[in-house]
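The listed protein sequences derive, respectively, from chains A and B. With the first letter of the first sequence counted as 1, position 252 gets the number 252 in full-length UniProt numbering; the numbers rise by one all the way through. With the first letter of the second sequence counted as 1, position 22 gets the number 22 in full-length UniProt numbering; the numbers rise by one all the way through.
No lab work stands behind these hints: they were computed from the structure. Some hints could be false.
[Claimed, not checked] Heads up, simulated DSS-like pairs for lysine-lysine below, C-alpha to C-alpha not over 27 Å straight-line:
id : chain 1 : residue 1 : chain 2 : residue 2
1  : A       : Lys122    : B       : Lys243
2  : A       : Lys122    : B       : Lys122
3  : B       : Lys79     : A       : Lys122
4  : A       : Lys243    : B       : Lys33
5  : A       : Lys33     : A       : Lys52
6  : B       : Lys122    : A       : Lys79
7  : A       : Lys122    : A       : Lys79
8  : A       : Lys200    : B       : Lys122
9  : B       : Lys79     : A       : Lys244
[As the list claims (entries may be wrong)] Here are some chain A residues the structure puts well away from chain B; computed CB gaps all over 10 Å:
id : residue
10 : Ala47
11 : Ser48
12 : Gly62
13 : Arg70
14 : Leu115
15 : Lys122
16 : Arg128
17 : Cys164
18 : Asp198
[What the hints assert, rightly or not] A few chain B positions that, by computed beta-carbon distances, are all more than 10 Å from chain A:
id : residue
19 : Ala114
20 : Asp198
21 : Pro199
22 : Asp211
23 : Thr223
24 : Gly238
For each residue, glycine too, the CB sits at the ideal point set by N, CA and C.
Number of protein chains: 2
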Amino acid sequence: MRDFTASHEALSLNTATVRKQWSLDRIIDECAKRNIRAISPWRDQVASVGLKETAQRLRETGIVLSGYCRGGFYTAPDKQGLLAALDDNRRAIDEAKTLDAPCLVLVVGALPGALIGAASYKDLGRARQEVADGIAASLEYARNVGMPLAIEPLHPMQAAERACINTLEHALDICDALDPARTGMLGVALDLYHVWWDPKLEQQIQRAGRDRLLAYHVCDWLTPTRDLLNDRGMMGDGVIELKKCRSWVEAAGYSGFAEVEIFSEQWWNRPGEMVLDTCIERHTTVV
Amino acid sequence: MRDFTASHEALSLNTATVRKQWSLDRIIDECAKRNIRAISPWRDQVASVGLKETAQRLRETGIVLSGYCRGGFYTAPDKQGLLAALDDNRRAIDEAKTLDAPCLVLVVGALPGALIGAASYKDLGRARQEVADGIAASLEYARNVGMPLAIEPLHPMQAAERACINTLEHALDICDALDPARTGMLGVALDLYHVWWDPKLEQQIQRAGRDRLLAYHVCDWLTPTRDLLNDRGMMGDGVIELKKCRSWVEAAGYSGFAEVEIFSEQWWNRPGEMVLDTCIERHTTVV
C-alpha cells in the first residue's frame with residue numbers, strides 16, 4: 001500500500017466539499033496554493049465560472065481532474081424525459097472531455113420525481129432497466145469521444161431519490177453486461193461513504209480490478225448521522241476503516257487519487273482554508 | 001397471493017408502533033377491540049406490565065405473538081461484555097417462550113458503543129464474527145428451549161450502530177453456516193423497510209424459502225426521509241412496492257402475519273386509535 005504520510009500528492013478535492021464557501025475559480029486557487037494536485041468539480045460550479053475559463057485556469061495552475069461530477073439521472077416518467085436525459089449526458093461527456101477528466105462520474109438516478117417527494121412511479125425494476133439502457137446509450141457516445149464512464153453505487157438510503165444502483169456488485173454486474181471486454185471505458189467510482197458497510201466489499205473490489213476502478217472517494221461515517229445527505233464526516237471522525245479499504249483498492253491495482261468528498265452542513269459552515277488544511281492533515285494520517 | 005381486502009386477519013401489530021401513546025396492556029385491549037389477532041411486543045414494554053401479567057392478558061384476549069422483540073446486540077469491547085450479551089439473550093429466549101412467541105427477533109448489534117457515538121472499535125469484520133459466534137451460542141440454547149431465532153437484516157444506514165447484518169443474503173449465509181439442515185430453528189425476520197432497495201431481494205427470498213422466513217414486517221419508505229431511525233412511513237405513504245414484495249414472500253411459502261412496525265415521531269404524535277384504524281385500512285388496501 002502506498003505511504004501517504006510524507007505528502008498529500010494523492011489527494012484530490014471534490015469541490016462540493018467547499019461549495020458553500022467559494023466559487024470554483026477560488027477553489028482552484030486555494031488548491032494550487034496548497035499543492036493539491038487534483039480536483040473533481042461539479043457541473044454547476046463549472047457553469048458558474050464558465051467551461052473554457054475553468055479549463056484555462058486548470059492549465060495555468062497545472063491542476064488535473066480526478067473525475068467530473070456528474071452524469072446520470074437516467075430515469076423518467078416518459079420517453080421525452082428519457083431522451084432529454086441522454087442529451088444531457090452527452091453534454092456532460094463533452095464537458096468532461098474539454099476539462100480533460102479521466103472519467104465522468106454517474107449518479108444514475110432512481111424513482112423519477114422522488115427527489116421532490118413525488119415519485120411518478122414506484123417500480124424499482126423499471127428504474128433499474130431505464131438506468132441500464134441509459135448507461136448503454138451514453139457508453140456508445142462516450143466510446144467515440146474517449147471519455148470513460150464511472151458508475152457510482154450510492155448508499156441504499158439514496159435508492160429512492162438519487163441512484164438505484166446501491167452496491168458495488170450491482171454496478172459491476174452492469175459493467176460486465178455492457179462492457180464485457182473490460183475496455184476501460186466503463187467502470188465504477190467507489191465512494192467509501194456509500195459502500196463501507198457492504199459485507200462483500202473486499203470481494204467485489206477484487207472482482208472490479210484495475211480496469212473497473214476509475215475513481216476512489218473518501219470521507220467518514222458519523223455516529224450519529226443526523227441527515228441522510230449532508231452529514232458526512234471528515235476522515236478520522238467516523239467509523240469507516242479507511243486504511244483497510246484503501247489496502248483492498250490498491251491490492252486490486254488502483255493507483256489513482258484518493259478524492260475527498262464531504263457533504264456536510266458542519267464543514268460548509270467553517271472557513272474554507274480550515275477545511276482544506278484539515279483535509280490535507282487527515283489525508284496524511286488516517287486515509 | 002392471499003387476498004387481504006376482505007379482512008385484516010393477517011395483520012399483526014408491532015407494539016412499538018404505538019409505544020408512545022399506550023402501555024402494553026392498553027395496546028392489547030385496543031387490538032382485541034379491533035380484531036387484531038397478533039402483536040409483536042418489545043421487552044421493555046413487557047417488563048413494564050410484567051411478564052406473567054402479559055402472558056395472562058394474551059390468553060384472555062386470544063391474541064397471539066408474531067414475534068418477540070428482541071434479542072441480539074452481541075458485540076462488545078471485551079469478553080465480559082460478550083458473556084453478558086449471551087446471558088441477556090438467554091433471558092430473552094425464556095421470555096419469548098413464556099409468551100409462546102413463534103420466534104425471537106434478533107437485532108444483532110454492530111460496533112459496540114457506536115449507539116452513543118463512541119465506538120470502542122471500528123473493525124466491522126470483528127463485529128460480524130462476534131455476531132456469528134453469539135448467534136451460534138444462542139442457537140444452542142434456543143434449540144433446547146424450542147424457540148426459533150429470526151435474524152433481522154437492518155438497513156445499511158444502521159450498520160454502525162444497531163446491526164452489522166445488512167442484507168438478506170448475508171443473514172442467509174449465516175443461517176446456512178449455523179443451521180445447514182434447515183431445522184426451522186434459525187431464519188430471518190424480513191422487514192421491507194430495511195431490504196426494499198436490494199437488487200437481489202427476490203432472488204434471496206426464494207433462497208430463504210418457507211423454512212427461513214420466520215417473520216415479515218411492513219411499513220413504508222418516505223421521500224424525503226428526515227431521520228435515520230424514526231421517520232418510517234405508514235403503508236401506502238411511501239415508495240415500497242408492498243404487494244410485489246408480498247407476492248415474492250408468499251411464492252416462497254410464507255403464510256404468516258404481515259406485521260406492521262412503524263417507528264415514526266409523526267405517528268407517535270397521533271391518537272393511538274387513529275393509528276390502529278389507519279393500519280387496518282391500509283392493510284386491507286395496499287399491503
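Now the hints, each set against the structure:
1. At roughly 12 Å between alpha-carbon atoms, A:Lys122 and B:Lys243 fall within 27 Å of each other, so this suggested pair holds.
2. At roughly 36 Å between alpha-carbon atoms, A:Lys122 and B:Lys122 are farther apart than 27 Å, so this suggested pair is violated.
3. For the proposed pair B:Lys79 and A:Lys122, the alpha carbon gap of about 46 Å is over 27 Å, so the pair is violated.
4. Between the alpha carbons of A:Lys243 and B:Lys33 the distance comes to roughly 57 Å, so the proposed pair goes past 27 Å and is violated.
5. Straight-line distance between C-alpha atoms of A:Lys33 and A:Lys52 comes to about 22 Å, which keeps the hinted pair within the 27 Å bound.
6. Distance hint between B:Lys122 and A:Lys79 is unfulfilled; the C-alpha atoms sit about 46 Å from each other, more than 27 Å.
7. A threshold of 27 Å between alpha carbons decides the hint, and for A:Lys122 with A:Lys79 the separation of about 17 Å falls inside it, so the pair holds.
8. With a CA separation close to 17 Å, the supplied pair A:Lys200 and B:Lys122 stays within the 27 Å bound.
9. Between the alpha carbons of B:Lys79 and A:Lys244 the distance comes to roughly 25 Å, so the proposed pair stays at or under 27 Å and holds.
10. The beta carbon of A:Ala47 sits about 26 Å from the closest Cβ of chain B, which is more than 10 Å, so the claim that it is off the interface holds.
11. No Cβ of chain B approaches the Cβ of A:Ser48 within 10 Å, the least distance being about 26 Å, so the stated non-interface status holds.
12. Taking the minimum C-beta to C-beta distance to chain B, about 36 Å, the non-interface status of A:Gly62 holds against the 10 Å cut.
13. Every beta carbon of chain B lies more than 10 Å from that of A:Arg70, the smallest distance being close to 20 Å; the non-interface claim holds.
14. A beta-carbon of chain B comes within 10 Å of the beta-carbon of A:Leu115; the shortest separation is about 8 Å.
15. For A:Lys122, the condition that its CB be more than 10 Å from all CB atoms of chain B is violated, with the nearest at approximately 5 Å.
16. With a minimum CB-CB distance of about 7 Å to chain B, A:Arg128 fails to clear the 10 Å threshold, and the non-interface call is violated.
17. With a cut of 10 Å on Cβ distances, A:Cys164 falls inside the contact zone with chain B, its closest approach being about 8 Å.
18. For A:Asp198, the non-interface assignment is contradicted: its Cβ lies about 7 Å from the closest Cβ of chain B, within the 10 Å cut-off.
19. Residue placement check: B:Ala114 does not keep its beta carbon more than 10 Å from all beta carbons of chain A (closest about 4 Å).
20. Distance check for B:Asp198 against chain A: the nearest CB is about 7 Å away, which does not clear 10 Å, and the non-interface claim fails.
21. A beta-carbon of chain A comes within 10 Å of the beta-carbon of B:Pro199; the shortest separation is about 5 Å.
22. Distance to chain A confirms B:Asp211 as a non-interface residue, since its nearest Cβ pair spans about 22 Å, more than 10 Å.
23. Here B:Thr223 does not stay apart from chain A, with its beta-carbon only about 4 Å from theirs, under the 10 Å limit.
24. For B:Gly238, the condition that its CB be more than 10 Å from all CB atoms of chain A is violated, with the nearest at approximately 8 Å.
In this structure, the hints that do not hold are numbers 2, 3, 4, 6, 14, 15, 16, 17, 18, 19, 20, 21, 23 and 24, in rising order.
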